[in-house]
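Colleague: Now for the letters of each chain:
Number of protein chains: 2
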Amino acid sequence: MNPKKLKIVLIGSGNVATHLAQALYKAGFSIAQVYSRTLEHAQQLAQTIHAEYTDNVGELVPDGDLYIFSLKDSALQPVLESLPSLPGIFVHTAGSVPLSLFERYHDRNGVMYPLQTFSKQREVDMKTVPFFIEANTQEDARLLRDVASALSSQVQELSSERRKTLHLAAVFANNFTNHLYAQAADLLEKNELPWDLLLPLIRETAAKVERLHPKQAQTGPAVRYDKNVINEHLKMLSHDPDKQAIYSLLTESIHKMD
Amino acid sequence: MNPKKLKIVLIGSGNVATHLAQALYKAGFSIAQVYSRTLEHAQQLAQTIHAEYTDNVGELVPDGDLYIFSLKDSALQPVLESLPSLPGIFVHTAGSVPLSLFERYHDRNGVMYPLQTFSKQREVDMKTVPFFIEANTQEDARLLRDVASALSSQVQELSSERRKTLHLAAVFANNFTNHLYAQAADLLEKNELPWDLLLPLIRETAAKVERLHPKQAQTGPAVRYDKNVINEHLKMLSHDPDKQAIYSLLTESIHKMD
Chain W
1232 MNPKKLKIVL IGSGNVATHL AQALYKAGFS IAQVYSRTLE HAQQLAQTIH AEYTDNVGEL
1292 VPDGDLYIFS LKDSALQPVL ESLPSLPGIF VHTAGSVPLS LFERYHDRNG VMYPLQTFSK
1352 QREVDMKTVP FFIEANTQED ARLLRDVASA LSSQVQELSS ERRKTLHLAA VFANNFTNHL
1412 YAQAADLLEK NELPWDLLLP LIRETAAKVE RLHPKQAQTG PAVRYDKNVI NEHLKMLSHD
1472 PDKQAIYSLL TESIHKMD
Chain C
1232 MNPKKLKIVL IGSGNVATHL AQALYKAGFS IAQVYSRTLE HAQQLAQTIH AEYTDNVGEL
1292 VPDGDLYIFS LKDSALQPVL ESLPSLPGIF VHTAGSVPLS LFERYHDRNG VMYPLQTFSK
1352 QREVDMKTVP FFIEANTQED ARLLRDVASA LSSQVQELSS ERRKTLHLAA VFANNFTNHL
1412 YAQAADLLEK NELPWDLLLP LIRETAAKVE RLHPKQAQTG PAVRYDKNVI NEHLKMLSHD
1472 PDKQAIYSLL TESIHKMD
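Residue numbers (our numbering), protein chains in the order written: chain W, 1232 to 1489; chain C, 1232 to 1489.
To be clear, the hints were calculated from the coordinates, so they are not data collected in a lab.
The list treats identical chains as one, so a pair stands whether inside a single copy or across any two.
25 Å max Cα-Cα, derived SDA-like pairs, lysine to any residue:
hint, residue 1, residue 2
1, K1257, P1431
2, K1446, N1422
3, K1487, S1350
4, K1458, A1306
5, K1466, E1392
6, K1303, Q1253
7, K1235, V1386
8, K1358, W1426
9, K1358, A1438
10, K1238, D1371
11, K1446, A1476
12, K1351, R1434
13, K1236, P1293
14, K1458, A1476
15, K1303, D1457
16, K1303, K1358
17, K1303, S1390
18, K1446, H1470
19, K1487, M1467
20, K1351, F1260
21, K1421, M1488
One chain only, chain W, in its complex shape:
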C-alpha cells in the first residue's frame, strides 16, 4: 500500500503529537482526525493540518488505517480501555512503553519512536530525527518504516527492550542536561548576570562530542580533582542546598568515572 494513501487518525495533541502531525502533513500524508481529551487542543492542532477533530472516543473515525497514539505514557492505557472496536494498525510514539501493551486491546500493533526533544514553540528538522520502529508483523514494520522514512533519513528497527534503554539514556542526555542549563541560568540570574553568556560554552559542549567521546571531552575542577575550587564552589552554594547537592553528587561521579 502507498503509505501516503493511509487514513491516519492522531490520538493526542501534545508536543510529540503536534510535531509529528505537522511533519506528516508537510510530507504529503493526510490526517483524517485529531482526538484530544480537551476539545480546544484537538481543534488547535487539527486546524493547522486540515483535519477533523473530536474529544469523544465514540466519534473516532471508524475506518482508519493507522491510529497514532501520542499521549503521556500514563494516559495511554485509560484511553485504550475506553476505545470502541477499531480496524487498522495501532501505533504509539513512546520510548518506554513496550509494544506488548497494545496486545490486550488490538491485533495489529507498532511503535514509531522519534528520539528528540519537542516543544510546541520550536520547529525541529524532522529529517535529522532518528526514528525507531517496531511492529508485531514484518509487513507492518515495513509499512511503518515507509511512513517514518518519508519524514526522516534515519529510520531503524529496535526492540521494546532496547528502546527503553535508549529512552533512559535520552533522559540523561536531554532532560537532565537541560535542567543543568536551567540551574546555571538560575545561578547567573540571581547574581544579575545575563544567562546567555553561557551560550557559546553550551554550543561547544555539544559540538565537542561530535568528535570526542564524552569521557575524553571532560574538563573542569572535578576531573582535575582541584579540591580548592571544589570546596570554594560548595561554599558558594551553601545557601542553595539543591544546587549544592547536585554539585556534590556530579563532582563525585565525575571523579569516580575518570
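Assemble chain C onto chain W, guided by the hints.
Modeller: Relative to chain W, chain C alone:
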C-alpha cells in the same frame, strides 16, 4: 603600546595555555617563552609557536611585558612563591581565582578569563569565546582588553566576584552536562547500543536554548511528573547506584523547579 609588540611569557602548558598560545600566535602576537614544570610539555607547546621554553623559573625571560599564568588553580600560588622578581603585568586565566591573589607577589596584575571548554585534541574558534577582563589599573585593563579583542569579538570587564559566579555556572553548563553525556553513553554501550544515536538529541538540546529559556525548553518524564516512567527508570538502574542517585536527584530537582 601596540599590544602585538608585547613580550609575552606563558607560564603553563595545559589545555587553556595551549589554546591561548596558539590563538595569540595566529593573531600575530609573539610569545617569547613557555614555562612548564615538565620540560617536555613546555617544549611541545613552544615548538608550535616558535617560542623558547624552560622548566626552571630561574630562567624566565627577565624583561617580559606580559606574564600569562595558565595553570591549575592549586599550582598558581606555589609557582608565584618561587618566582624571581619580574617586571610587566601578571595575568591569570582562571575563573575562580580573585585578582587579589597576585597582590602579595606583584604590583601590576590582571585577569583574562576565556569562558570555554578546551581540550588539546579539539580546535576552538577563539573569535566566539567570551573573554572576561580585570586589572588593578584602568590602563592595564585597556591593554588586556586590546589583547583579548585581537583574539575574540566578545570581550568585557568583570569583577573577581562575578567571574567566580560565572565559573560556577559554567561548571553546571559544561562539566556536569558533559558528564551526563558520558553517563548516557555508558548506559548505551553497556547495552550494546552505539552511543552516537544520541547526537541529534544532544545537538537539538543545545540549539533549543538559543531561543527558549531552559525552563521553557524542559521536556520529559520528570517535568510531566510521569510517575510510571520514573519508577520504571529507577528500577532499570537498580544495579547501577551511581546513575540511580543522579536520576533521583535531578528528577526531584526538575519537579521542584517546575
